Amino acid sequence: MLATRAAQALPNALAFKTVLFKLTNWNPALVFLSLLFSIPLAVVFGSLFFPEYEVWAHLRATVLTDYIGNSLALLLGVGFFSLLLGVIPAWMVTMYRFPLSYQLEWALLLPMSMPAYIIAYSYTGALDVAGPLQTMLRDFTGWQYRDYWFPEVRSLGGAIAMLSLVLYPYIYLLARAAFIEQSVCVLEVSRTLGCNAIDSFRRVALPLARPAIMVGLSLVVMETLADYGTVQYFGVSTFTTGIFRTWFGLGNSLAAAQLSALLLVFVAVFLYLEKRSRKQARYHHTSSTYSSLMQQRLTRGQGFIALVICAVPLVFGFIIPVSLLINWAIDTYADVLGKDFYLLLFHSLLLAFITSALALAIALFMAYSNRNNQSLLNRIMVRFVSMGYAIPGTVIAVGVLIPFAWFDNSIDTLLMENLNISSGLLISGTLFTLVFAYLVRFLAVSINTVEAALGKIKPVMDEVAKTTGMRAVIIVKRIHIPMMRGSLLTALLLVFVDVLKELPATLILRPFNFNTLAVRTYELANEELLAEAAVPALAIVIAGIIPVIIISNSISRSRPGHE
Amino acid sequence: MNKLLLISLLFVQQLSFAAEVNIYSARKEALIKPLLEQFTKETGIAVNIVTGKADTLLKRLEVEGKNTPADILLTVDVARLIRAKDKGLFQQVDSELLNKVIPENYRDIDKQWFGLSLRSRVIIYAPDRVNINDLDSYIDLADKKWANLICVRSSSNVYNQSLVAAMIANYGIEKTERWATGLVNNFARPPKGGDRDQIKAVAAGVCDIALINNYYLAGMLESSQESEVEAANKIKLFWPNQDGRGAHMNVSGAGILKPAKHKKEAIQLLEFLVSDYAQQWYADTNHEYSINPEIESSSVLRSWGKFKADDLNLGLLGKHNTDAVLLMDRVGWK
Amino acid sequence: MNNAIEIKNISLSIEGRPILEDVSFGVNEAGIACLLGPSGCGKTTLLRCIAGFERPHKGEVWIKGIRVSNPVHHLPVEQRHIGMVFQDYALFPHMSVKDNIVFGLKNLNAKRVMQRLDELVALLSLEKHINKYPHSLSGGQQQRAALARAMAPRPSVLLLDEPFASLDIELREQIARELRQILKHDGITTIMVSHNQLEAFAMADVIGVMNEGELLQWDTAFDLYHEPKTAVVADFVGEGVFISGEVINDKEVKTEIGVIQSTVAHETGVGTKVRVLLRPDDILHDDDSSMTARVTDKAFRGAEFLYTLELESGLRVLSLVPSHHDHPMNEPIGIRLEIDHLVIFPER
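Chains as they are written, first to last, in our numbering: chain A, 1 to 563; chain B, 1 to 334; chain C, 1 to 348.
One chain only, chain A, in its complex shape (with noise of 0.2 Å):
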């Protein structure tokens, strides 16, 4: 009884808190620490500053209408293709038992460690026009070009195709952590109204997963957004190609900036529309008895039909790419293979290694300041902060670039004038600019994650650790850490398959004598040596393969009162 009042009376008094208090009452060390990660985002908004008139109005008269309305097909397509692929399987997996459905539910990741390129340049290798599919179609018929159809897959469609089939997994991810929290009463009552399994999944289940679905489907706008090996490759002209161009074929950095800050104003808006349409329904459950979620068996054309659906993302985004990659390898690895091929993949680990720990921490960090502190400059600096996510790894580079040599530049010339010493760069040109450049574009990953996993943590639960006298390192150890754990590997080991993935910040900020396999595949697939590329190519999605298999089990293990 006492316990109620008190949980009532919470948020009358959090209501007296004002605005002002809100506002002043920030954390120096995450106002510092989202400064730092927002220079290159701010040095990208501070393009906004010098309008290029000119170059506007040539863009505005020839191309943008063309990169905006392919920017949004493209977000449709694959947000569209990326739900169908993610949720569906990702509800069969959790409900039903059919043939093989333990094993889709880990294998079902896979494609996430596929590279959006990679995959682009495996499909194209295979059914272009020039492809063994299609030459094989027209020796067998006599047919010529022109006498049949052929889905083209350097396309709109295509690279549709092509990043639905690697996004999916985002999706799938966070839908079936949602499925497998969801309590099974709710499920159940849904059915004695009158709902049968159809009807559960669409009025009930799907509404209380939409939270997790959004975010993962707001990691996919931006993934598709920042991407621009794919549609560069299939020749689609998106803002993000656009920038590209803007910048490397008309010299013009500073309008380049612009069309990406703009693209950032797409993100942000979408992110707010996202947030304000759900700002009534709280999504939490009321309920926290979980009866077992019992699986139901189905029956034999149930089950094979059922495996077909959660069997195409699967063979699509995956065997069907990596047994062409392999194909290809068969033929090159040879001339491939060697001391420098280990040394890029140790190079690659390395920095996907570093990387994901720093954003773990950094998330980490940034999730409890907020936790302690509802400061809105905190809750905007975090904001500001994740969307790097929808930058390309390009713009990210340069906003990196400009900042840290200005930086160097100033110390030397400050020592020059005072000591006539030469620092010459200190950090320009190290690994840790490219670290640096990854944490900005990375770090919306393990905020998102490590704030929803610590957001399910009630302050309740803090308090009762704490009448039992456990100082707040140990509540943080013995309490949050266990309770979190699972959604902790999952923010550490999605940074770092993003990081693995990586290319165009990494081409741009690396140093001396430093590459990666994602450079590599690169520089192969740009000379248009596919076969050679697979190589590398391969060994990315097969050190991607592992995280993933564990976010996985991670996942399956988490749901309360299961072991």
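Calculated from the structure, these hints are not laboratory results.
All of these numbers come straight from a predicted model, not from anything done at the bench.
Cβ atoms here follow ideal geometry from the backbone N, Cα and C, with glycine treated the same way.
All the pointers check out, no bait thrown in.
Among chain C residues calculated to face chain A with C-beta under 8 Å, some are:
#, residue
1, 51
2, 86
3, 104
Only pairs whose alpha carbons sit at most 35 Å apart, straight line, appear in this in silico DSBU-like list of lysine-lysine:
#, chain 1, residue 1, chain 2, residue 2
4, B, 261, A, 339
5, B, 263, A, 339
6, A, 466, A, 477
7, C, 298, C, 251
8, A, 339, B, 28
9, B, 263, B, 33
10, A, 456, C, 98
Since the structure of chain A is provided, determine the placement of chains B and C on it from the hints.
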């Protein structure tokens, strides 16, 4: 100990060796590394390299300013050399050897950049569908008879930009724009893929004619992949503009950067790159034409015969690069 | 068959372990039944069999004259037209109270939906809360919202799974009585599950006591209390102690506290060793009585004290005494037996 090593790796600029030279290279590592290794072997000078896209390297040089560790910028296209020059990144280099070996139109009049290898943008065609007598010049490709028969890669590609820039230099903007409009109307499909893709597209019958850099065709003919050789054998090369100015040429090249801390070694490297050994390697390995007319081309290149090259001063390509991109935007060349 | 619900010989085992064994009962139209028993006795499983979440291996379930389940045929939950309120209410957290309530009203037009909503909101006093979301409701409000949701489609039967378990103890009985009125007002056939006999007494017309998968007795609250058919029922329902004795004749049993007489005859054979149930209200406090017992424990229950009394023999009994008789611990007080109906079971 290992941890210490890792941390120092992260935060400290690599230590300078006494004799070294640092390169920012737009040329892919595989296409330059063996030469650099040979250079180190001969001179004992260590070579450090970062590869990347020319424009990002330019940006990196620009912001690093006077403290950049790089000594040399290597590119695969003249337009970027000129852009670097215009941004004041290069310094003047007085090398008798370079001036002697490299023909005048393939190096900068202010001695800031030097062409190191030559390539030509040529027409390829399907001999079973195209009568060689119908082929003529680049200009002719805008003719209505080629409607829906031409494949070209994207206008984002610098080789196309330089070709259009050369057209602007030779014929002026207006005529070039009319030409480009006609060319785009003749496209068989929206531009996509690289030059090898255009070759494969002609071989597969998507189009009858394509524009490519010559060494891609040579590379495919010499490929270890059967399918590549097969496709390359289905098409033939045509030297355009032989009755006019000659085939459009481009260079890969380099310049020494203003803040270079190893200028001596850098000049040494450039001179090595125009040496007979290096030039022969360019010709044999990547099927480019040597910048030195006395070096013999690879057998594949020789099989295409002698041709007339446009002797346009390449400095003009850089000058018209932006105009070229704007023009391609206007005519809808994606 | 007149019963709204008819359960016929249901058996169910899960992973080889029997959960329900040969359970049968019936509930008549508009009746309120309660399955009462300790946790793990199978009562919730039985409720889930009626709902259709579980599938009995033997026996049949009939709802409103329709056989919804036998070992071969199994009507899916969503087609049984039942209403169910879960222990934690399981309100849809993403919907307002109003949307929760109208969730099951699929085939009605908007006007009828609003009409039904208004009815239920008035009946359950939810006027102030219909636009709120579940997380901002108190436990009692959540329960009423869940009940309204379950009742909205006018189900053939309403199933309540431990409906009071999540409520404050002091509120339970009061709410149970209110709930009973509401259900009776709507004339809805109800089966609830509880482990708390006071809730069961307050709510139900008829109560089934379950233990280890068996339905031991199906009776009114009064009869369960006063005429339990087995020792287990007697032990579980109400308070009391057993004392050993021997049957003398059809109205008398000889025990260590003397011969106990009842006004109603029983049928146990003369000379049988038996156990006699003594309820706290069978033992009255009487200062004039010659039999005394020492107070070893006492619990204040407002109007009464529940005394635990130790007889000279060491035997302990319970006695309910009006609370103005406040005796200190260890004080011997006079007691007297007053038994209408002997509850005796053969000695084990």
